[in-house]
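Based on these hints, arrange chain B on the given structure of chain A.
Residue numbers (my numbering), protein chains in the order written: chain A, 1 to 693; chain B, 694 to 1386.
These aren't lab readings, by the way, just hints derived from the structure by calculation.
Errors might be hidden in some of the hints.
To be verified - Okay, the calculated beta carbon distance ranges per label pair:
#1 B:GLY1336 - A:GLY445: 57 to 63 angstroms
#2 A:GLY285 - B:LYS1335: 37 to 43 angstroms
#3 A:GLU210 - B:PRO1274: 37 to 43 angstroms
#4 A:PHE691 - B:GLY857: 39 to 45 angstroms
#5 B:GLY1336 - A:GLY68: 50 to 56 angstroms
#6 B:LEU1378 - A:ARG292: 53 to 59 angstroms
#7 B:THR732 - A:THR551: 57 to 63 angstroms
Claimed, not checked - Pulled from the structure, derived: some chain A residues nowhere near chain B, Cβ distances all over 10 angstroms:
#8 LYS34
#9 THR53
#10 ARG556
To be verified - Below, simulated EDC-like cross-link-like pairs (lysine to aspartate or glutamate); rule was C-alpha separation at most 20 angstroms, straight line:
#11 B:LYS1042 - B:ASP1146
#12 A:LYS536 - B:GLU1332
#13 A:LYS642 - A:ASP453
#14 A:LYS128 - A:ASP453
#15 B:LYS896 - B:GLU1139
#16 A:LYS349 - A:GLU563
#17 A:LYS642 - A:GLU210
#18 B:LYS1341 - A:GLU645
#19 A:LYS349 - A:GLU557
#20 B:LYS1042 - B:ASP1334
#21 B:LYS753 - B:ASP1262
#22 A:LYS203 - B:GLU1338
#23 A:LYS128 - A:ASP447
#24 B:LYS1341 - A:GLU205
#25 B:LYS1229 - A:GLU639
#26 A:LYS648 - B:GLU898
#27 A:LYS648 - B:GLU1338
#28 A:LYS286 - A:ASP453
#29 B:LYS896 - A:GLU210
Model, not experiment: these values are computed from the prediction.
Think of the CB as a built atom: it goes at the ideal place given N, C-alpha and C, for glycine as much as any other residue.
Number of protein chains: 2
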Amino acid sequence: MEPSLTAIYCLSFLTAVVAFAFAAYLYLWVKRQKTVNETILNVSTLIKQGANTFMSREYKILALFAAGLAVIIFVLLPSPIWSGGGIGNHLAMAIAYIAGTVLSAVAGKIGVLVATLSNARTAEAAGKGIRPAFLLGFRGGAVMGLLVVGCSLFGVAAVLWIAGDASILLGFSFGASSLALFAKAGGGIFTKTADVSADLTGKVELGIPEDDPRNPAVIADNVGDNVGDVAGMGADLFDSNVAAMASALVIAQSLGGGVNTAMVLVYAILGLLASIIGIATARLGKRGNPTRALNSSTYATTAVFLVLTAAATLLIDGFSWRIWGASATGLFIGVVIGLTTDYFTDDNKPIVRRVAHASGTGPAFTILSGTAYGFISALPAMTGIAASALVAYKLCAPIGDGYAIFGISMAAVGMLSIVGMIISNDAYGPIVDNARGLAEMGGLGEDTIRIADELDSAGNTVKAVTKGFSIGAAGLTVIPLLGAFMSEVNAAITKAGGTELVTGFDLMNPTVFFGILIGAAIPAVFSAMLILGVDKNAQRMVAEIHRQFNTILGLREGTAKPEYDKCIDIATTGALRELLPAGGMVILVTVVVGFVGGPAAIGGFLMGNIVSGLLLSLFMSNAGGLWDNSKKYIEAGSEGDKGSEAHKSAVIGDTVGDPYKDTAGPSINTQITVVSLVASLLAPLFVAFSFFG
Amino acid sequence: MEPSLTAIYCLSFLTAVVAFAFAAYLYLWVKRQKTVNETILNVSTLIKQGANTFMSREYKILALFAAGLAVIIFVLLPSPIWSGGGIGNHLAMAIAYIAGTVLSAVAGKIGVLVATLSNARTAEAAGKGIRPAFLLGFRGGAVMGLLVVGCSLFGVAAVLWIAGDASILLGFSFGASSLALFAKAGGGIFTKTADVSADLTGKVELGIPEDDPRNPAVIADNVGDNVGDVAGMGADLFDSNVAAMASALVIAQSLGGGVNTAMVLVYAILGLLASIIGIATARLGKRGNPTRALNSSTYATTAVFLVLTAAATLLIDGFSWRIWGASATGLFIGVVIGLTTDYFTDDNKPIVRRVAHASGTGPAFTILSGTAYGFISALPAMTGIAASALVAYKLCAPIGDGYAIFGISMAAVGMLSIVGMIISNDAYGPIVDNARGLAEMGGLGEDTIRIADELDSAGNTVKAVTKGFSIGAAGLTVIPLLGAFMSEVNAAITKAGGTELVTGFDLMNPTVFFGILIGAAIPAVFSAMLILGVDKNAQRMVAEIHRQFNTILGLREGTAKPEYDKCIDIATTGALRELLPAGGMVILVTVVVGFVGGPAAIGGFLMGNIVSGLLLSLFMSNAGGLWDNSKKYIEAGSEGDKGSEAHKSAVIGDTVGDPYKDTAGPSINTQITVVSLVASLLAPLFVAFSFFG
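Looking at chain A on its own, in the form it has when it is part of the complex (with noise of 0.2 angstroms):
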């Protein structure tokens, strides 16, 4: 049978309603589990309300900022707005910026909200044992992984259907950018900012353990993993997630619509309910280990997703084999990634071990040998997300004109498809790390800590996975983007009155090659702006907690509280403050090559800012994981243990790759899709004007 449109706009809208139902169920069953611990939930109340001081001033500098972009927008697309035409899809692409933002916040705040809900029931649980603990803390992260995908789902659903074309959507998705922008670079900011100090003053200088409450910095410490880790990556993936759907919906509308769109909405659809398959029967086993509780979710939520699709394939008339297989290929690659991820990063796995083992012989090798490593981590991601876009694009040209880059950007789809699983193992991660905390801060004991600490070392290995997914969608959209960014182009020549048209960049040109070779630094810039913020933020609080050491009597000893919320305030001033200069100059660069070189230039500047973003956030996220898990693995007993000088070796590294793998590395993807906004809101400028172009 042929779908019917509206019968899967309709779907589309059920299917979030149900993910809403199971989010808010299962945010009734967190709040439902009892906490009794007094110092805990003391604790955890510092926390929640950290967490809201800092996504509240966040949001309001946000909103200022999406309003001046909205007006912008409005102004300027989908064609300037002097340049004629009725003003309706100007109002359109506004108001769906801003829905793009408003849904991508409420997401992010509700999913904190149960964050911070969920770290001190984890933390009592674990006192019961390692299953009700794992339990709570899935299920606390489950919330936001719902939450986002729904949101993601229901508002690509809404704007399709109000508007009627899908043009509309790259305002929503750029909503949903300007939002990962703030709530990633900002909240990875915040959090390496109050991690690395405490660590710095606590564990290196005082001596105390890590989550001692006598340190300052300690719940500006646990804020940081919710800001940055559970709205941060969920912002990121919100964002991931509706680019992929919205350059699908729009290359489906050039393609005619009807079935291609509907084929784009029913593959989300599928994905989502797959992800609440996978998640509610979510558990972990007699002898449970929780890592692989985790990663048999995922793999059972990819089994159901294509066995889905499958059927759809075979009861849709005109859903075709091609376009499933090039889903599956963007999903298998997403799972790849996530292994060769976890091969580099898990303390299990050789890599990890040799790091280890090379911190005997002092930090600089420590800091060599994962730089090493976290270089030739890149190949294999780079080479699947190659293939990946190679093999769906061969599958699907023969289906006809178009239908190739189509085939890409369903790849992407698929790669995305079950990110509802994803962000829920994602947020486990920080809730857990959380509960440790707790667990250390409230006296649970010494067996509930290891508990927590398993529970731990699991969300790490996952948020591993979760950071391929979302960069490998990065680079299989590139394509689909430069399509689009191709598209605006020619409607600009066009009504230009022009009538060369851009059909593609090639590498030879050297307005091209100017572009490439600046895209290719401003990864490397961007990072290093962030890196350097951190830094700079961390010397200001390291100062602070100098400060209440030395004038709170009774700190050191444990007789007086310190003053928490200062170093909130630091980091949270400071992780903006910080932000928005690299944020400027992103765009500032984007606008000087648009105007020095044209489209053309523009062109090779996205391509080159993709790849060597692709390559520095692997490089990253991955040598920041593995020097982590060096760490790790030494206090968990190997090579001299705690104390010894390859502990102190892998310490340093663990430094080094903090920034590395929560702010800089992940934060490179949200960089890409702000250079592709600047790119496409002014591409009519750049037509107009450019000094060589």
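Frame of chain A; chain B shown alone:
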């Protein structure tokens, strides 16, 4: 007047001979200076012998490799031998290839010979004052500079004259590349193995000074300076210079030869003349600052070159100001890249001081801030390369069809025109570095060591400038190189009876994208393998040093002599053993990509490779220089001087930076040439068969 090509060939040979004669004069001048100190003479002989050992072993392996490759070249180039055509061109190609390796090897061999003569003499001259010592170090280095440029001009002119076909230059250029791979990457592993091991055991474990004769690795360390920096950098710049001239001459031929061919050779002749003048007039002023002396000779050479080429343009009918402008742009950007590098790595500038200051907070901050500034330092250089390619292209496009690309290749020729001066400055570095060591070992006293230190520090700074030139030129040759690859491919297509010629490499073609992504990962993996190679090899050498200290009685007290040759042997064997897998990986991946995706994938592969290669080599070279000089800055009395926490951190930074800046970073250039070599060699096979192509 229209220039006669024969006259210009003669002029090329004459200029080369003048350069050789001047080199011989300088060699004899250096040799005439007396050495009296027994210890210094002995040690210097050990260094010379060690360098000879390494170079003969290296040349032996290289000879096998080159012989094999010569056969492959004979069979496959200019087109597969089975496709018909005379055997003459095949023979010419193979002979040109062998000539390229031989000339480069001879220049390297003599350069190292003079450098190892000059080091002892410079050390003793430092006893008489900084001015004579400077002159000795500089003139010793200048022999290498003159030889390299003389050989490249002589070789290129001879091949072109004899063969009468510029495409045979490809063979000569391949010869230069093969040697550069061994000399630069192999020498780089050698030098850093020795340096890192000597530092770790000597300075860190035993607390004995750098260059203490009790350290078994000390001679290997000094040998490394010569084989890595003198021979390696010389071979690298020989390769870049030949590649730039060859690609310009191939394009000139495609534009009808005549005045275009003449122009390339005249620019090269005038560049060599300008370098001779610059070298002859280099002196240290009364209130001598050696860095300033080296830099002002470079600027003088630049000015002389610009004036001479302007005069030639005026005199010779048909020479175009547009071409002059393109070449001047290239040279200008080379100087700008040098200045940028200087800004990021000079300890009189803020960046080095900031990193030194951050080191006070711990080694993690040394690494993080150095990494961040290293990333940032890539932006101006990449922008400069991009801008000069664009400007040269736009300047020369109006001359006629095909001149735009010729303009870019002339920008590369312009950038490398003063390479004789550049190499002289660069080879000065290891000579004075050795001299410093010899002054220490010969017990020449604090004053002499201080002078040697001052000379050494200038060497570090100008080294950074050299790297800017060689990296910049690699960036500028990419478009001509892609053009050359495309002609190869089209020739093969035509031969095979095909009609669909390749006209460019479109970014939106997933096959090109496939190549770009994988190409971009290769420099990272190659660097990683070299870094791990240094790491492994250093562990072997550290074990050997420990063995010597444990088993040789009286070594610690200085009454017994260490077995220096054992360390040299480890460095030699290890360097060649670690180099081969890295080189093999690059070749293998290129072949696989070619057979999977065909010529389109290889086009993308070359671009991705160069873009990420530029980024990583700029990052690693500059971060390494930055860390080295931060350490030196602290040792000169800042941030708590030697023994402070900041110093300890800075030493760790320096150790990380060593393989970055002297092994991996500068070897990426040669990796890029290996890729293009393999791509061109196998182009006909990729055209004939590829899975997805």
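Status of the hints after comparison with the structure:
1. B:GLY1336 - A:GLY445: 57 to 63 angstroms: Given a distance of about 44 angstroms, which is not inside 57 to 63 angstroms, the answer is violated.
2. A:GLY285 - B:LYS1335: 37 to 43 angstroms: violated, 57 angstroms
3. A:GLU210 - B:PRO1274: 37 to 43 angstroms: 40 angstroms Cβ-Cβ, so the 37 to 43 angstroms window holds.
4. A:PHE691 - B:GLY857: 39 to 45 angstroms: holds, 42 angstroms
5. B:GLY1336 - A:GLY68: 50 to 56 angstroms: The hint (50 to 56 angstroms, Cβ to Cβ) holds, given that B:GLY1336 and A:GLY68 are roughly 53 angstroms apart.
6. B:LEU1378 - A:ARG292: 53 to 59 angstroms: violated, 46 angstroms
7. B:THR732 - A:THR551: 57 to 63 angstroms: Distance hint for B:THR732, A:THR551 holds at roughly 59 angstroms.
8. LYS34: Given that every Cβ of chain B is farther than 10 angstroms from that of A:LYS34, nearest at about 41 angstroms, it holds.
9. THR53: Its Cβ never comes within 10 angstroms of chain B, the nearest being 27 angstroms, so this holds.
10. ARG556: Check passes; 21 angstroms lies beyond 10 angstroms.
11. B:LYS1042 - B:ASP1146: holds, 19 angstroms
12. A:LYS536 - B:GLU1332: holds, 18 angstroms
13. A:LYS642 - A:ASP453: holds, 16 angstroms
14. A:LYS128 - A:ASP453: holds, 15 angstroms
15. B:LYS896 - B:GLU1139: holds, 18 angstroms
16. A:LYS349 - A:GLU563: violated, 42 angstroms
17. A:LYS642 - A:GLU210: holds, 13 angstroms
18. B:LYS1341 - A:GLU645: Holds - the C-alpha atoms of A:GLU645 and B:LYS1341 are around 14 angstroms apart, at most 20 angstroms.
19. A:LYS349 - A:GLU557: Violated. A:LYS349 to A:GLU557 sits at ~41 angstroms, over the 20 angstroms cutoff.
20. B:LYS1042 - B:ASP1334: holds, 18 angstroms
21. B:LYS753 - B:ASP1262: Status holds; Cα separation ~15 angstroms.
22. A:LYS203 - B:GLU1338: holds, 17 angstroms
23. A:LYS128 - A:ASP447: holds, 10 angstroms
24. B:LYS1341 - A:GLU205: Holds: B:LYS1341 and A:GLU205 sit about 16 angstroms apart, inside 20 angstroms.
25. B:LYS1229 - A:GLU639: OK: B:LYS1229 and A:GLU639 at ~18 angstroms, within 20 angstroms.
26. A:LYS648 - B:GLU898: Holds, because 16 angstroms separates the two Cα atoms, which is no more than 20 angstroms.
27. A:LYS648 - B:GLU1338: holds, 14 angstroms
28. A:LYS286 - A:ASP453: Holds, at roughly 18 angstroms.
29. B:LYS896 - A:GLU210: violated, 34 angstroms
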